[in-house]
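2 protein chains.
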Amino acid sequence: MLYRLVITESQRQDNKIILHPDQEHYLRRVVRLNDGQFFIAINGRGNGWQVKLTPIGGEITNDIVENKELPMEVSLMVSLPKGSGFDDIVRCTTELGVSRLYPIMADRTLLKPKENKLVRWRKIAQEASEQCERLIVPYIAPPLPFLEAIQQMEDDSSRFIAVARNTDKHLFNCLNPLDLPSQITIATGCEGGWTTNEIQSAIAHNFQPITLGKRILRAVTAPIAIMALIASLAEK
Amino acid sequence: MLYRLVITESQRQDNKIILHPDQEHYLRRVVRLNDGQFFIAINGRGNGWQVKLTPIGGEITNDIVENKELPMEVSLMVSLPKGSGFDDIVRCTTELGVSRLYPIMADRTLLKPKENKLVRWRKIAQEASEQCERLIVPYIAPPLPFLEAIQQMEDDSSRFIAVARNTDKHLFNCLNPLDLPSQITIATGCEGGWTTNEIQSAIAHNFQPITLGKRILRAVTAPIAIMALIASLAEK
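Chains as they are written, first to last, in the numbering used here: chain A, 783 to 1018; chain B, 783 to 1018.
Careful: at least some of the hints might be erroneous.
Which bits of chain B does chain A cover? Going by a derived footprint, with three or more residues having C-beta under 8 angstroms, they are [what the hints assert, rightly or not]:
(1) 867-878
(2) 911-919
(3) 944-958
(4) 1000-1007
Pairs of lysine-lysine, DSSO-like flavour, derived with a Cα cap of 27 angstroms [stated by the list, open to error]:
(5) A:LYS996 to B:LYS864
(6) B:LYS864 to A:LYS899
(7) A:LYS850 to B:LYS951
(8) A:LYS905 to B:LYS996
(9) A:LYS850 to B:LYS896
(10) B:LYS1018 to A:LYS996
A partial selection of chain B residues facing chain A, derived with a Cβ cut-off under 7 angstroms [stated by the list, open to error]:
(11) PRO895
(12) LYS996
(13) ALA1010
It is worth saying that the hints were derived from the structure and are not from the lab.
Ideal placement from N, C-alpha and C gives every residue a C-beta, glycine not left out.
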């Protein structure tokens, strides 16, 4: 398999790729490519190219036309879990095809994310996209309080909020495999769960409460389980 | 919610629970229970009791009758990923209802697990069962080479092997939601993938090759995605 590398649009000029020194170092010293050998450059927005390494950078030899994206856009509003749990969520849900991740500071969120976290999460999403062979890198929004995040929503996506210990319908039963929505937004809670106010506000913004099964899933597991289910329904 | 604690059968005598000193310390100092307050004791095999803390241990006040188990037995044969990835697999798949985990040393497995790993994994499974409110703690087998593990299988479970970059059927299409198997076994590969010999041997032992979608899932993500799909099909 060819090594994959995310580049910015400014690094591509006609059929040439201008490599940053650290990228060139990585390709030659770690991946151990020599001049004339190939790698794949992706712009993270759906385009990819097979590139030949040359003494002055890279030369595009052909476009990559594969499509490994889900047929719909999935946005996850994820209440930030404790510790580094969101790192795992970014990694796993990127592999499972998520489009956008909204890190949420819910009423009961304990973590106050540091400024540099967003940079780190975006780097993880980029690496996960390279590894799982997507051409698109999921967008990761700056952390927002839940009520602000839902007030800012402008799309007309099908919206769900996962609530623990409820008797609502399972997410599976809210999605018709023969007629899946083109945009889905799903919100998941943190360790302490949603407050009543958050659930009521979500319902007022057209979120439908759903369950994910009988057992109590941790804040890290719930978004991964959701993406696994949606990807299965979309790609079966 | 009441705090949950796994006990061994020998700790239960009629309607009394004999607490180990570290359990008593935890209940009183960390969970901050006082005499007369309640917790839940589970034996990890499907039984649970509501217990009142007393000066001499615990007193069973009633049985827990809830059933949060999947309606089938799911065994996962998981090729050990790098680093501590199997810890995450134990935690997440326990929450999603797995019955048995078989850590596999595949031909391309890099990790040679240390002796004390099995003790650690079983402790994680126990804690995850407490947390997600199961009464059963999944069994975790000692690590085995893949070929040995499949030769030792004696059940007549429906068997699948997840293979990356193939054109086989999606796992979803191999499971009829209206007639799910009572026993399912699924094998997942490590970072380097299965060898041809491993896939051929699995097929000879009635494993059906399946895909998990278009993107390449890491060794950590694949078993979690599988359990999320099976739990959704079983509990929808």
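Among all the numbered hints in the text so far, which are the ones the structure does not match? Violated hints (numbers, rising): 5, 9 and 11; every other hint is consistent with the structure.
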